Amino acid sequence: MTNLLIKELTPSLLSYSTVILLLMSILIAGSNRLQSIVKFYAFQSLCLVVITLIVGFSTSNSETIRIATITFIGKCLIIPLALNFVINKTQVHKEVDPIISPPTTVLIVCILIALVYGLTSTPNFAKIAYSLGLFDTAISIILIGLLIMISRRKALTQIVGLYVMENGIFALTVDTVFGMPFVVEMGISLDLFIGVLIMGIWVLRIKQSFDSIDVSKLSKLKG
Amino acid sequence: MDITLFFLIPIITAILCLIPNNIRWLAPIQIAGTSFLFLVVIRLLNNILQYKVIKAFNNLIYIDAFSGLLILLISTVGLLVSLYSAGYMTKSPEGKTVSTWKLKRYYFLLNIFILTMLTVVTANNIGLVWVGIEITTLVSAFLVGYYNKQTSIEAAWKYIILCTVGIAFAMIGIILCYYGAIHSGGIESLSLNWDYLLSIGNKFDPSIMKLAFVFILIGYGTKAGLAPMHSWLPDAHSEAPTPVSALLSGVLLKCGIYSIIRFSILANESLGAAFTNQMLLFFGILSIGLSVPFIITQHQIKRLLAYSSLEHIGIIVTGFGIGNPISIFGALFHMLNHAMVKTLMFFSAGNLALKFQTKDMSKIKCAVNIMPFTGTVLLIGGLALAGSPPFSVFLSEFYIIKAGIFEKHWVISTLFLLFLVIIFGALMHHIMGVTLGNNLNNTTEEKANIQKGEVSKSGIVASLIPLLIICLLGVWMPQSLFKLLNASVEIITGKGIL
Chain F
0 MTNLLIKELT PSLLSYSTVI LLLMSILIAG SNRLQSIVKF YAFQSLCLVV
50 ITLIVGFSTS NSETIRIATI TFIGKCLIIP LALNFVINKT QVHKEVDPII
100 SPPTTVLIVC ILIALVYGLT STPNFAKIAY SLGLFDTAIS IILIGLLIMI
150 SRRKALTQIV GLYVMENGIF ALTVDTVFGM PFVVEMGISL DLFIGVLIMG
200 IWVLRIKQSF DSIDVSKLSK LKG
Chain P
0 MDITLFFLIP IITAILCLIP NNIRWLAPIQ IAGTSFLFLV VIRLLNNILQ
50 YKVIKAFNNL IYIDAFSGLL ILLISTVGLL VSLYSAGYMT KSPEGKTVST
100 WKLKRYYFLL NIFILTMLTV VTANNIGLVW VGIEITTLVS AFLVGYYNKQ
150 TSIEAAWKYI ILCTVGIAFA MIGIILCYYG AIHSGGIESL SLNWDYLLSI
200 GNKFDPSIMK LAFVFILIGY GTKAGLAPMH SWLPDAHSEA PTPVSALLSG
250 VLLKCGIYSI IRFSILANES LGAAFTNQML LFFGILSIGL SVPFIITQHQ
300 IKRLLAYSSL EHIGIIVTGF GIGNPISIFG ALFHMLNHAM VKTLMFFSAG
350 NLALKFQTKD MSKIKCAVNI MPFTGTVLLI GGLALAGSPP FSVFLSEFYI
400 IKAGIFEKHW VISTLFLLFL VIIFGALMHH IMGVTLGNNL NNTTEEKANI
450 QKGEVSKSGI VASLIPLLII CLLGVWMPQS LFKLLNASVE IITGKGIL
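Chains as they are written, first to last, in numbering that gives the first Met the number 0: chain F, 0 to 222; chain P, 0 to 497.
Hints may contain errors.
[To be verified] Pairs of lysine-lysine residues, derived as DSS-like cross-links and limited to a Cα-Cα distance of at most 30 Å, are as follows:
hint, chain 1, residue 1, chain 2, residue 2
1, P, 354, F, 221
2, P, 90, F, 206
3, P, 148, F, 93
4, F, 221, P, 90
5, F, 206, P, 358
6, F, 206, P, 103
7, F, 221, P, 362
8, P, 101, F, 221
Since the hints were made in silico from the structure, they are not lab data. Bear in mind the structure is a predicted one, so any value in this text is a computation, not a measurement.
Here chain F stands alone, though its shape is the one from the complex (with noise of 0.2 Å):
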């Protein structure tokens, strides 16, 4: 009874995390405050650690549990403690007037969208993979991440961006190759705790000599 119950939600439940997954990331190229921004980024990962957790179940692989417990420690707890230290010891809790501003981002995010799943479509990518369905996700993921990098001022929100754009690429591993070796995923999970504490150090850096965290102000090396 119960393994016929787990059979009937695990589809449903992955792909309401897909689509959760998807909406978060909208929701940080939509947002202006720096705050609900990690939020949403910590509920995204939430959502890659699920996914993680039922290819795991699903497939019986206890090195694939390891990686999803990692995640969650790292993903949910480490960085969005250590941003939103950065944001506290900063003081800058909105992005004020970034290059492209919420609304048409969001636009930008749509129109992606759309290109993704209508180029993925073709026979061509449909090769590499659709064993979850998360394929197109994760490479919106991807150029949502470079997007919010690119049309952001303030460092702490490009740091999110990168991060996003790490999640998708996550994403792309858990569905093409249902995870990396064990070794292999946590080395990658150490360079993201120490990536954030090291970029948070700078972030507080160049508060301290710019008095701002505005990436744009940095623009005295030239030639």
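Go by the hints and put chain P onto chain F.
Frame of chain F, contents of chain P only:
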């Protein structure tokens, strides 16, 4: 045993550097550590020549002649940088006193930086190579932003963001490659190990490998400083402390190239060499070409050297792209030569910048009179860097162009020669102005401020060694070095030049 030692030495040196409270102890510890590392590396290279491949730590470490060459570069430049730091880092460019804690942190990070680069070139798992490259960025960002000025913070931020995004693309390439491996029947737990991938390389789906190689080239190309992903390079090189610039330019860029070439060997198994070679040629020539206008119009001496690094990275990649064993030999040899000559140039430029308290070339004149040794070395090094005989840089460039003509790459060879000639002129113009040019605008007061004499003794030793090496290699190559290069060519093309 040797390999354990090889990773332990940088770690131990790093920790030891945190202990002493007196500045005087730091440099001796660092020099002792890197000299010891150098000796271990020489022993290791001997073993490589004997056994061809060394594997260790449950197959996590895979060392062959190609990695051996990179290990040699890292340890040599590491040693030179330690020597130079002894005299240079105790003096701050603005004449302020240097705090002990800051200097300790510098030496600590320097060792960790060397350690991560050693990990990159020895790891067997291509996923771990990626991790290593990412950590080099994170560690060296602190070194780039060491002076904590507005400009250095800008350079460090650009460096960290651009390289991290670039490397994220390389990750996509690795995922695609792993996917290809699994779908051609590879064992999952082994399918990221380089030696295993190579053994099943010809079964891969070519279209997936093509896509993977493009991602890898863009990703690691950012780290290697290939145009048009090079925009972090001049900023980071010019703002970092001089010893760090030498490490960045001398070896870090080569670690990026190493990762690309390792992957192209794998891709060639299923794709054939034509596709990867075309891509490498395109980016190589573009890098050389793009550096030309920036070298001509440059005002700042360290930026000039940074753009010249862009040019030399282009030369190396073009050499690999021509794909003839001779040109690959030339490219590998050029990696060594460029590491030596660029280290030398950065050291001299750093001495000048410290003496004149500026990096602006219009304010540094007549260096030969004021600093006789540094000025002369800069002049000779400039000649070598521009590629004039009898220095070894000329030889390696000659091998590449010879192979280019032999392979009938007429357009590539013509462009290559044309750019090199223009750069020769531009570079000599700048270097001559700095070393021999008379400073007419200088008032007597300003002249009185600058006393004659060298900055430090350790700086003289540190720039003398690479100078001797490039002079010597121009006329005579030791048999063991030739064997090492030849074995690397064999790894890349499948056959040596003899």
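Structure-based check of each hint:
1. 354(P) - 221(F): 24 Å, holds
2. 90(P) - 206(F): Holds: residue 90(P) and residue 206(F) sit about 27 Å apart, inside 30 Å.
3. 148(P) - 93(F): 26 Å, holds
4. 221(F) - 90(P): 27 Å, holds
5. 206(F) - 358(P): 26 Å, holds
6. 206(F) - 103(P): Roughly 25 Å separates the two Cα atoms, so the pair holds.
7. 221(F) - 362(P): Holds: residue 221(F) and residue 362(P) sit about 19 Å apart, inside 30 Å.
8. 101(P) - 221(F): 28 Å, holds
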